[in-house]
Amino acid sequence: MSVITLTINGELVSARSGQNLLEAIRDQGIKLPTLCYLDGLSTRGGCRLCLVDISGYPRLQTACTTTATEGMVVVTHNEKINRYRKMILELTFAERNHTCAVCVSNEHCELQTMAAELGMDHVRYDYLNPQLGIDISHEKYGVDHNRCILCLRCVRVCDEVEGAHTLDVRHRGINSRVITDLNRLWGESESCTECGKCVEVCPTGALFDKGMSVGEMKKKTNFLRRILDGREKNQWNR
Amino acid sequence: MNETLKKKRLATVWLGGCSGCHMSLLDIDEALIALVDRVDLVYGPLVDAKEYPEDVDICLVEGAVTNVENLELARHIRTNTRTVVSFGDCAVTGNVTSMRNRIPISDLLNAVYHEASAPIGVEALKVLPALLKKVIPLHQAIRVDLFLPGCPPGSERITAALNALLDETELDLQPHMRTFG
Amino acid sequence: MNSADLQHLAEEEQQRQQQLNLRLFLCYSTPCLSAGADLVKVALDELIAGLDEKQRPDLDIVATGCMGPCSRGPLLRVVERNGSEKIFEKVTPESVREIIGSFLADRAPSVEPLPADFAFFSRQTLIALENNGWVDPEQIVHSIARGAYNSLAHVLHEMTSEQVCSEITRSGLRGRGGGGYPAGVKWELVRKAQAERKFVVANGDEGDPGAYMDRTIMESDPHRVLEGMAIAGYAVGAEQGYIYVRGEYPLAAARLAKAIKDAERHGLLGSRVLDSSFNFRVDLRVGAGAFVCGEETALMTSIMGRRGQPVPRPPYPAQSGLWGLPTLINNVETFASVAPIMRHGAEWFAGFGTEKSKGTKVFALCGEVVNSGLIEVQMGTSLRDIVFEIGGGLPDGGTFKAAQTGGPSGGCIPAQHLDTPVDYESLQALGSIMGSGGLIVMNETSCMPDVAKFFMDFCMDESCGKCVPCRVGTVEMYELLQRITNGSAMDEDLQTLEELCHVVQETSLCGLGMTAPNPVLNTLQYFRDEYLAHIRDNQCPAGVCRLDQIPLLKLPEHAEQLAIFKEEP
Numbered sequence: 001m002s003v004i005t006l007t008i009n010g011e012l013v014s015a016r017s018g019q020n021l022l023e024a025i026r027d028q029g030i031k032l033p034t035l036c037y038l039d040g041l042s043t044r045g046g047c048r049l050c051l052v053d054i055s056g057y058p059r060l061q062t063a064c065t066t067t068a069t070e071g072m073v074v075v076t077h078n079e080k081i082n083r084y085r086k087m088i089l090e091l092t093f094a095e096r097n098h099t100c101a102v103c104v105s106n107e108h109c110e111l112q113t114m115a116a117e118l119g120m121d122h123v124r125y126d127y128l129n130p131q132l133g134i135d136i137s138h139e140k141y142g143v144d145h146n147r148c149i150l151c152l153r154c155v156r157v158c159d160e161v162e163g164a165h166t167l168d169v170r171h172r173g174i175n176s177r178v179i180t181d182l183n184r185l186w187g188e189s190e191s192c193t194e195c196g197k198c199v200e201v202c203p204t205g206a207l208f209d210k211g212m213s214v215g216e217m218k219k220k221t222n223f224l225r226r227i228l229d230g231r232e233k234n235q236w237n238r
Numbered sequence: 001m002n003e004t005l006k007k008k009r010l011a012t013v014w015l016g017g018c019s020g021c022h023m024s025l026l027d028i029d030e031a032l033i034a035l036v037d038r039v040d041l042v043y044g045p046l047v048d049a050k051e052y053p054e055d056v057d058i059c060l061v062e063g064a065v066t067n068v069e070n071l072e073l074a075r076h077i078r079t080n081t082r083t084v085v086s087f088g089d090c091a092v093t094g095n096v097t098s099m100r101n102r103i104p105i106s107d108l109l110n111a112v113y114h115e116a117s118a119p120i121g122v123e124a125l126k127v128l129p130a131l132l133k134k135v136i137p138l139h140q141a142i143r144v145d146l147f148l149p150g151c152p153p154g155s156e157r158i159t160a161a162l163n164a165l166l167d168e169t170e171l172d173l174q175p176h177m178r179t180f181g
Numbered sequence: 001m002n003s004a005d006l007q008h009l010a011e012e013e014q015q016r017q018q019q020l021n022l023r024l025f026l027c028y029s030t031p032c033l034s035a036g037a038d039l040v041k042v043a044l045d046e047l048i049a050g051l052d053e054k055q056r057p058d059l060d061i062v063a064t065g066c067m068g069p070c071s072r073g074p075l076l077r078v079v080e081r082n083g084s085e086k087i088f089e090k091v092t093p094e095s096v097r098e099i100i101g102s103f104l105a106d107r108a109p110s111v112e113p114l115p116a117d118f119a120f121f122s123r124q125t126l127i128a129l130e131n132n133g134w135v136d137p138e139q140i141v142h143s144i145a146r147g148a149y150n151s152l153a154h155v156l157h158e159m160t161s162e163q164v165c166s167e168i169t170r171s172g173l174r175g176r177g178g179g180g181y182p183a184g185v186k187w188e189l190v191r192k193a194q195a196e197r198k199f200v201v202a203n204g205d206e207g208d209p210g211a212y213m214d215r216t217i218m219e220s221d222p223h224r225v226l227e228g229m230a231i232a233g234y235a236v237g238a239e240q241g242y243i244y245v246r247g248e249y250p251l252a253a254a255r256l257a258k259a260i261k262d263a264e265r266h267g268l269l270g271s272r273v274l275d276s277s278f279n280f281r282v283d284l285r286v287g288a289g290a291f292v293c294g295e296e297t298a299l300m301t302s303i304m305g306r307r308g309q310p311v312p313r314p315p316y317p318a319q320s321g322l323w324g325l326p327t328l329i330n331n332v333e334t335f336a337s338v339a340p341i342m343r344h345g346a347e348w349f350a351g352f353g354t355e356k357s358k359g360t361k362v363f364a365l366c367g368e369v370v371n372s373g374l375i376e377v378q379m380g381t382s383l384r385d386i387v388f389e390i391g392g393g394l395p396d397g398g399t400f401k402a403a404q405t406g407g408p409s410g411g412c413i414p415a416q417h418l419d420t421p422v423d424y425e426s427l428q429a430l431g432s433i434m435g436s437g438g439l440i441v442m443n444e445t446s447c448m449p450d451v452a453k454f455f456m457d458f459c460m461d462e463s464c465g466k467c468v469p470c471r472v473g474t475v476e477m478y479e480l481l482q483r484i485t486n487g488s489a490m491d492e493d494l495q496t497l498e499e500l501c502h503v504v505q506e507t508s509l510c511g512l513g514m515t516a517p518n519p520v521l522n523t524l525q526y527f528r529d530e531y532l533a534h535i536r537d538n539q540c541p542a543g544v545c546r547l548d549q550i551p552l553l554k555l556p557e558h559a560e561q562l563a564i565f566k567e568e569p
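Protein sequence lines correspond, in order, to chains C, P and B. Here the numbering used here is used: position 7 in the first sequence is 7, and no number is missing along the way. Here the numbering used here is used: position 27 in the second sequence is 27, and no number is missing along the way. Here the numbering used here is used: position 436 in the third sequence is 436, and no number is missing along the way.
In short, the hints are calculated from the structure, not lab data. Predicted model, so just to flag it, every value in this text is computed and none were measured. For glycine and all other residues, C-beta sits at the position ideal for the given N, C-alpha and C. Watch out, some of these pointers could steer you wrong.
What the hints assert, rightly or not - Label-pair restraints from in silico Cβ distances: (1) C:Pro130 x B:Val185: 41 to 47 Å; (2) C:Arg59 x P:Val47: 52 to 58 Å; (3) P:Ile103 x C:Arg170: 21 to 27 Å; (4) B:Pro315 x C:Arg226: 29 to 35 Å; (5) C:Glu23 x P:Glu72: 51 to 57 Å; (6) C:Glu23 x B:Pro315: 16 to 22 Å; (7) C:Val75 x B:Glu196: 34 to 40 Å.
As the list claims (entries may be wrong) - Where chain C lies over chain B, by a calculated footprint (3+ residues, C-beta under 8 Å): (8) 457 to 465; (9) 473 to 479; (10) 493 to 505.
Construct the complete structure from the given sequences, taking the supplied hints into account.
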């Protein structure tokens, strides 16, 4: 494994060659916000929160989709980036109906935590308040689209790790919705293996275990690394 | 100079909310006693004042703006108050109060006043102010100086915010002190 | 087929055509068809069928692609054996009978043709469109007679791939899809990329409102595009090409499909092209109706059969495109310029245009202009020439207010900049872009905030939904423009709008989001007064907006005008 050197926020640091820039930044103990990136899943670059300034690039780049290279000069936080992150987060909150007080994931939600960490204490844009449904037809799990931020971690984990591809997206733009099978009720899905990975990786209370009440839904994403590492080392083969 | 003259004039207002934020204010325990030494509570559900007074220093506004009465009061508050605080999630985000935005108003009124067996049914419609088509957070109706999220904001947040306002210092809440919900 | 066969076939067809007494070219492209060209064709066919045996073989009807002045369609071009040429506008089944009758009887027709010095034609420079209106796009011999695949033959037998790329570089050709990236640099990058397979992709997913340059090229002269792609394939080392056609262009897709088949049958595409060792297959891909698929990375995802959404660049397609392999992707119009460059040389092409923008550009000229239609002008032609000379000015004594270029990614150029040369840099300096070539002329009855709202509505609807700034930002910007145009906006809303524009511009994932705020920012730059009139004076200077709402803050004086609900008990 070769090591490369890059400059992050004015400090010379080392990273593994070919390492994802977001990971390289986090390895330095820098808190880089993201909602769609999750170690173990393919990168998407959709939430736009991990935008960083890289010298020589005409625009801000998402760290999660960038490979760290030798000599790269990166700034992770400055007045403009912080402001943009806050605005993007405001847009995320305005999009659907995020009512933290009555959410199963209250106090255990990545979106809620992110707002507090970035200092986003109010939303200047009109709340769009779309009329969205809840699907609790599945025996074990439920989905509340009002809380979905379309990070598509669920879609990716279902396809890339579980291999079921039960979840996907229909429509486009503001009308995008995560669907099960070809827009059938989750409870009627024939491809769903009921593994529950989607629920665990969901950063908000959009996907939840049924029977959970306000603030009871705690999620763990560390299973993902364990599964993937195990696969790599053939630990699951007899 | 007389001690009482230096006291800040504090008002609290209850718009479209559940009064939980006011409960939380009463729950700041012994800090209340210290607070009473520093402020005059000039208006709010906790005191007997019919009209919102002039020349208020700080106003804690609980609740979202849901109807014309709220809107008028909010405007009045803004005109007569130096520092307006969005107090709690309903004022800051619309929160539970704004969950009605997804439901057609006529369905809502039917369910609540016509069909439900509430003690006061259709009669109440006579005094119900005109509803805004959409419930809005306070800052979309008037300019707001400080946001204090929480449902309700916990006592440390309230104390920290009031202290900062009374000391006229910058309020610097730690991330865990400024979460919604 | 080898080069000599190709030459022979071309000469044979040229001779056949020269011997004809009368050649009738009827514009059979979409605008003329919608104006009734199909009925004219029926009338012409009947007329010919009614002629006696002696006259009939001397006559030829060619259903061609677009001739240009679409607002004057259906168009009929009559060419006599002596080479004299007349174009008739707005022909009907009745008028063609008179026209043809007069030519056969050798008398002057009672229907006036367009004047020979008609500025619409005389001010244009045709390179990409040179065959439009002269060939039946479904007859490969027509194209071959006008030199199609000659450049390919020359390139395959006389030039190395380096030489082809360097020729393109020296010609100064830049991407005609809107970006204006130097084509030669792109070709060179793909050529140098090391990979087992490479691809060439033609982007025909034209989606800007009012723009139909690519459609016309594909419908009118499909072989020109295929030849350009094949030359590119040879230059970069690709054996497979894809041409991605917008789903709303069924005619273009059908004509391309036929053209590909015909070219393969003649050995001009497929294995061992023109008896060389070069193989090149072209497959057609038809889009499913998403504007974003005109963005190159989304287009490639769509070709690969996935959900048509963009992916972050870098890596650029030249490094990692289709299936992770180096891919050359250019616009249809760019490919249409390739064959003439190879035929006449880079210096000839570079002789047209300006210092940094070489050659010609096709525009779809529409809106408030007398002659609307498809035009091709030298880069650097002034906007005034385009609108007032070629376009013939505004109808009904209208006053020029602005010209919108670049569609939903562009902006409005106001009257004070009418003398700006139309090239990539000048338009960008004005806060608009060249774009793919849509050019909409507006008069004083166009309200600029309303125009901005129209384009924002378009972007909102076409946002793919992958990234937050574009997915939500376009909706919020639309809401704010809605407020400005309905009277309920306040000064702060304008500030919020501008801030939003910047965040969406700088943080969106792909070009659609990055450029979605352009129509707003650009109209704010030149027509801020108009925005302020809406907000502060409750006035729409153009008289378009109804402004029947009020800002929330104006209560209680206007409570009844507010968006409120009061049930009468």
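Legend entry - Violated hints - listed by number, lowest first: none
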